[in-house]
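Number of protein chains: 2
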Amino acid sequence: MSVAPKRPKGPPLNAMRAFEAAARHVSFVAAAEELNVTPGAISQHVKALEGWAGTPLFRRNAQGVELTREGQLLIADFNEAFDRLADAARALRNLQPKAEFHIAALPAVAQLWLPKRLRRIRAQLPNINFSVTALETPPSLSRELFDLSIFFALPDGSPNQIVVCEDEITPVCAPTVLLRAQRPNGFQDVPLLHDQTWKGDWPKWLQSNGFHMRDENSGPQFSLYSLAVEEAKAGAGILMGHLCLIEDDIASGSLTAVNTQSCPTGLSLVIQLPRQSRRRPETDRVVSLLSS
Amino acid sequence: MSVAPKRPKGPPLNAMRAFEAAARHVSFVAAAEELNVTPGAISQHVKALEGWAGTPLFRRNAQGVELTREGQLLIADFNEAFDRLADAARALRNLQPKAEFHIAALPAVAQLWLPKRLRRIRAQLPNINFSVTALETPPSLSRELFDLSIFFALPDGSPNQIVVCEDEITPVCAPTVLLRAQRPNGFQDVPLLHDQTWKGDWPKWLQSNGFHMRDENSGPQFSLYSLAVEEAKAGAGILMGHLCLIEDDIASGSLTAVNTQSCPTGLSLVIQLPRQSRRRPETDRVVSLLSS
DNA sequence: TTTCTTGGCGTAGAAAAACTATGGCTAGTA
DNA sequence: TACTAGCCATAGTTTTTCTACGCCAAGAAA
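From first to last, the protein sequence lines stand for chains A and B. Per the working numbering, the very first residue in the first sequence carries number 1; after that it's consecutive. Per the working numbering, the very first residue in the second sequence carries number 1001; after that it's consecutive.
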């Protein structure tokens, strides 16, 4: 008779977390990004968990993973559990006497929109330590420890969202380039500046205004919108300007609209909050200062 | 402006688990036992968590810990979260094709009561791998991965409990000792055998039968009841017998009751199951074989 | 008193886990 | 025929976690 000397060991917690993230994103890479590790680590964790369970949880295809039937069965439970755990962690963190306030934002927003407002807020709330994390995609506020996020998104009318402004685009350039740009063939002659994460901007604007262009994708590419803005200010070409991000540059005259036709992208700049019960007490204060 | 390069890191999962266990038991030692580590490890985890949170969660007194107000606030959340997680882990394990069936039992039960039945069960269910863990105190079935536990307890009428029999005690001894034991002063002359975890047995029985003894605690002590039973069978003295554990020895005549006065301890031998939805499919089968 | 027991702390070193870096593979895409 | 996106596997390193052990304080027992 085999008397096990030890209590049966549960699966490793970290492996479960990795599985949960991978299942939620249906991607090891995305999970790795969320957990701030390499995809290899996720792979190992998932494998460990599959080993523990004795059954595969993912089907690995060359172009991505998908959950097996077994995996499907589990994901709801794990989601729920880690949601609760995230709640608990948030509660834990919220009793920290010295407040840390975490903001997630699109890189462009973090660099162009936030700084001015954050300076003001810091002046008003000197006891809070703000930190800003630039992310390409909005994090899950119920899972990660951000106190608010600012991204371009489709408002869904939830009370946890505050719409700051509609996203509107129009071509802009430095005043020194304006005359050239406004000539009949301006868009052909002056380089168009592109942001890699907003590849669709030029086509969208051109189409919405009935223009056609041979080569709407030509011109320098920038990995950060703020770089493109700097180049535009330096006179390097015409940039598709997101009005809410460059309002100061327009006001100060370092950028001017090439013409008056602007076009809404359909998205809005949206401040997203965790649900009421999990917010830091300072949140409302910060939001009202941010959006004023 | 401080742009944090990384997403805010949540607290370490293992530290949270350690805290949860420590908070639930209000004891580092008990938590350590549950998690199969040394108390030092728990201490470190809790300290790490307190460091992360920036606030103490436990008040350490020389004779044990107690939760601070902050700790009190958190325990419910953490309990909930880890319950869910345990559920998920159980679900995960339950899809293992090759079944492992974990039983927790009091050492005495594991050694004296289980083996016979388990042999029968193994014969009936040859594909299941049974493992038995001997524990002094019943584990939480909603938290640990046991499929059932067998302990002496007060039945609470829940449908997750099956009462096997009432616990009844009466002095027993080897036939060779019987005559000496039954003499008027038998209990004085023949050594009384004691089990350390059931110190109260002799006093209880004596009292319930109106006897008084100068020295009811004298005699050899055993750390395991099964050792005491062996000694009794070898003629070393009179043992307070728990009838349901020694029925075979009585039936075979290797032990006999000194007199016929038995006394219920108020407890019963109880099979405890996890709640319905978390059970292994084989559970009902095992239970019916166990209690038949 | 003094001594023992219980339950906590702290630290050093050992053991285990987790992570990264790298190269390789496959299937869609250009 | 490349090229890209995603996943895998492995080796080696870094980090975490655990144990072992000595210490201390408070209450219980002698």
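Any given hint could turn out to be false.
What the hints assert, rightly or not - Pairs of lysine to aspartate or glutamate residues, derived as EDC-like cross-links and limited to a Cα-Cα distance of at most 16 Å, are as follows:
| no. | chain 1 | residue 1 | chain 2 | residue 2 |
| --- | --- | --- | --- | --- |
| 1 | A | 98 | B | 1033 |
| 2 | A | 9 | B | 1033 |
| 3 | B | 1116 | B | 1247 |
| 4 | A | 98 | A | 231 |
| 5 | A | 9 | B | 1247 |
Said to hold, decoys possible - Computed list of chain A residues with no C-beta within reach of chain B, every gap over 12 Å:
| no. | residue |
| --- | --- |
| 6 | 13 |
| 7 | 19 |
| 8 | 20 |
| 9 | 27 |
| 10 | 73 |
| 11 | 75 |
| 12 | 93 |
| 13 | 96 |
| 14 | 220 |
These are computed hints drawn from the structure, not numbers from a lab. Quick caveat: nothing in here was measured; it's all calculated off a predicted structure. Even glycine gets a Cβ: it sits at the ideal position worked out from N, Cα and C.
Each hint tested on the structure:
A C-alpha spacing of about 35 Å is found between residue 98 (chain A) and residue 1033 (chain B), which places the hinted pair above 16 Å, so the restraint is violated. For the proposed pair residue 9 (chain A) and residue 1033 (chain B), the alpha carbon gap of about 12 Å is at most 16 Å, so the pair holds. Distance restraint check for residue 1116 (chain B) and residue 1247 (chain B): the Cα-Cα separation of roughly 12 Å lies within the 16 Å cut-off, and the hinted pair is therefore satisfied. In summary, the hint linking residue 98 (chain A) to residue 231 (chain A) is not supported, as the alpha carbons are separated by about 40 Å, beyond the 16 Å threshold.
The straight-line distance between the Cα atoms of residue 9 (chain A) and residue 1247 (chain B) is roughly 34 Å, outside the 16 Å bound, and the hint therefore fails. The beta carbon of residue 13 (chain A) sits about 4 Å from the closest Cβ of chain B, which is not more than 12 Å, so the claim that it is off the interface is violated. Not every Cβ of chain B is farther than 12 Å from the Cβ of residue 19 (chain A); the closest lies at roughly 9 Å, contradicting the non-interface assignment. Non-interface status of residue 20 (chain A) relative to chain B is broken: a Cβ of that chain comes within 12 Å, the nearest being about 9 Å off.
A cut-off of 12 Å between C-beta atoms confirms that residue 27 (chain A) is not in contact with chain B; the least separation is 17 Å. Against the 12 Å criterion, residue 73 (chain A) falls within the reach of chain B, whose nearest CB is about 7 Å from its own CB. With a closest Cβ-Cβ approach of about 9 Å to chain B, residue 75 (chain A) is found to fall inside the 12 Å limit, against its non-interface label. The claim that residue 93 (chain A) is not at the interface with chain B is violated, since a C-beta of that chain comes within 12 Å of its own (minimum 7 Å).
With 12 Å as the threshold on Cβ separation, the claim that residue 96 (chain A) sits away from chain B is violated: the shortest Cβ distance comes to roughly 4 Å. No beta-carbon of chain B comes within 12 Å of the beta-carbon of residue 220 (chain A); the shortest separation is about 25 Å.
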